[in-house]
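Novice: Use these hints to put chains B, C and D with the ligands onto chain A, whose structure you have.
Keeping their order, the protein sequence lines are chains A, B, C and D.
Once you know that position 131 of the first sequence is 131 in our numbering, the rest is easy, because the numbers rise by one and skip nothing.
Here our numbering runs 1000 ahead of the position in the second sequence, where the first position is 1.
Here our numbering runs 2000 ahead of the position in the third sequence, where the first position is 1.
Here our numbering runs 3000 ahead of the position in the fourth sequence, where the first position is 1.
These are computed hints drawn from the structure, not numbers from a lab.
These numbers were taken from a predicted model, which means no experiment stands behind them.
For glycine and all other residues, C-beta sits at the position ideal for the given N, C-alpha and C.
Be aware that a few hints might be false.
Stated by the list, open to error - Among chain A residues calculated to face chain D with C-beta under 10 Å, some are: (1) M1; (2) R41; (3) E42; (4) L105.
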Amino acid sequence: MKLVFGSDVRLVDVAHAASEKLAGVAGFDEDDALNVGIAVREAVINAIAHGNKMDPKRRVEVVLKARPRSLEARVRDQGTGFDPSATKDPTAAANVLNTSGRGLLLIRAFVDTVDFKFREGRGMEVVLVKKRTPRGTLKDDSSSARP
Amino acid sequence: MKLVFGSDVRLVDVAHAASEKLAGVAGFDEDDALNVGIAVREAVINAIAHGNKMDPKRRVEVVLKARPRSLEARVRDQGTGFDPSATKDPTAAANVLNTSGRGLLLIRAFVDTVDFKFREGRGMEVVLVKKRTPRGTLKDDSSSARP
Amino acid sequence: MKTTVRTVGQVSVIDLSGKITIGEGDIVLRDKVQELLDGGHKKVLLNLESVSYMDSAGIGELVACFKRAREKGGTVKLLRPSGKVEDLLQLTKLWEVFEIFSEEAQAVASF
Amino acid sequence: MKTTVRTVGQVSVIDLSGKITIGEGDIVLRDKVQELLDGGHKKVLLNLESVSYMDSAGIGELVACFKRAREKGGTVKLLRPSGKVEDLLQLTKLWEVFEIFSEEAQAVASF
Ligand SMILES: Nc1ncnc2c1ncn2[C@@H]1O[C@H](COP(=O)(O)OP(=O)(O)O)[C@@H](O)[C@H]1O
Ligand SMILES: Nc1ncnc2c1ncn2[C@@H]1O[C@H](COP(=O)(O)OP(=O)(O)O)[C@@H](O)[C@H]1O
Chain A
1 MKLVFGSDVR LVDVAHAASE KLAGVAGFDE DDALNVGIAV REAVINAIAH
51 GNKMDPKRRV EVVLKARPRS LEARVRDQGT GFDPSATKDP TAAANVLNTS
101 GRGLLLIRAF VDTVDFKFRE GRGMEVVLVK KRTPRGTLKD DSSSARP
Chain B
1001 MKLVFGSDVR LVDVAHAASE KLAGVAGFDE DDALNVGIAV REAVINAIAH
1051 GNKMDPKRRV EVVLKARPRS LEARVRDQGT GFDPSATKDP TAAANVLNTS
1101 GRGLLLIRAF VDTVDFKFRE GRGMEVVLVK KRTPRGTLKD DSSSARP
Chain C
2001 MKTTVRTVGQ VSVIDLSGKI TIGEGDIVLR DKVQELLDGG HKKVLLNLES
2051 VSYMDSAGIG ELVACFKRAR EKGGTVKLLR PSGKVEDLLQ LTKLWEVFEI
2101 FSEEAQAVAS F
Chain D
3001 MKTTVRTVGQ VSVIDLSGKI TIGEGDIVLR DKVQELLDGG HKKVLLNLES
3051 VSYMDSAGIG ELVACFKRAR EKGGTVKLLR PSGKVEDLLQ LTKLWEVFEI
3101 FSEEAQAVAS F
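Bound conformation, chain A alone:
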């Protein structure tokens, strides 16, 4: 499923709701579906605020793909990108009382992998993947040896 919308902060709730619901119908439990929703929410907030600088004419795209064992969310903006390794650690003593800077921390905590891709002229793309732990389908899992 693809969602396309202008940079209006009220639409953050809609992108969150759609992602959380999709995770639910894809088989994630309630808590993990909420985690997916929050991670997408944060990526969308960044796309709107930092990528598109709140310009309502600049678009955000969210592409959601449910796979058998994972859910992938790609959040794209029309901005100039950034270097995620250059961001401050918001949990460091010097930063813990900052009033911003926690979005990437939440994203990383709530999904399993996060990738950042920037392509000139195409804006920033943040790729989130949440793995689905199979419930009661141990048979399916027998190939991957467990300690």
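Specialist: Below, chains B, C and D with the ligands alone, put in the same frame as chain A:
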């Protein structure tokens, strides 16, 4: 906001959730937001089942627009269209025990206007408009005389 | 949608909660009622008190259950449809098709 | 998000319910705490029991409230953060910044 997705019936819930949430952030109360959600849900079910004949490769598009006094939802499929005036009245005695045929009835009941547009090669488009009754903003409304 | 089945006298009461919608609630409803009919339980009361809404597929399944029970000489009746569910039953004129009760004891006694 | 403000002894307790998120809950939180500080109420206890989650904007506003209170010689403390809210406070290490209580009486007595 635009949603684009393949004809997978599980995505009906996602389109419903997104529409209901958008109606909520656009200022509709909880009950009217649910009405918008149900109306879009029914139009999407029809787009998937009748328009796209459940072919997962055929796409459904939902375009949602929040205006100051209304919300518009356009639901498009890639089908061959139909004549809405030729559908049976599901509330007629002869049809009331049918197990299908109530989608358009629900759509018409839950939004204020419904338009059907078919264009060759572009599929069916169902346009739903829900008006927003302003709450506590009587001033805004003074121009439209009330009985 | 979640369901639990209780037996009150000769009546099977299905307590439904959630929504009766396409691809999930409608299938659960169908399977539960079919199970009861297959087991010879022909007096079925659907408790709709905790059902928040239905879509056209869910409503269609409600009618299908009603007809399947009737074919087997049974009946499906409804208990306590709430706000939106009541609206939908009125709108579709199924309000006049189903026997609908607000008190469980009365509903059970009516079979 | 919904809020109600109660006064317990010298402490203003804000009962929050819903979510503290960008563009809505964060603004409500800011305004409520600001109102109290402006009115000279410097002992603020945020009851988070019914807050389902926060986003980074909501967490940022929590910190902003903490700092604004401190600047005025006041304090903001937290009561009963629930599952996801507790996770978020731990993750961000704000768990060590705020005084956090599970009992209201104890929280009130601590000011
Ligand atoms: N999509 C984006 N485009 C440009 N810069 C971004 C984007 N996402 C994040 N950033 C940069 O990374 C920083 C850290 O982001 P984040 O952890 O989400 O915290 P916050 O958004 O509160 O600053 C931001 O301040 C911004 O400079
Ligand atoms: N998007 C569509 N494309 C083609 N046919 C449609 C579409 N929507 C509705 N129809 C036709 O209208 C009829 C009535 O639709 P509806 O009232 O929603 O009931 P149901 O979907 O249960 O049949 C359908 O059976 C179908 O023939």
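Novice: Confirm or reject each hint.
Specialist: Going through the hints against the structure:
A hinted interface residue such as M1 (chain A) counts as satisfied when its beta carbon comes closer than 10 Å to some beta carbon of chain D; here the least separation is about 22 Å, so the hint is violated. The criterion of a C-beta within 10 Å of any C-beta in chain D is met by R41 (chain A), whose closest approach is roughly 6 Å, and the hint holds. A least Cβ separation of about 6 Å between E42 (chain A) and chain D falls short of the 10 Å threshold, and the interface hint therefore holds. The interface hint given for L105 (chain A) holds, since its Cβ lies 7 Å from the closest Cβ of chain D, which is under the 10 Å cut-off.
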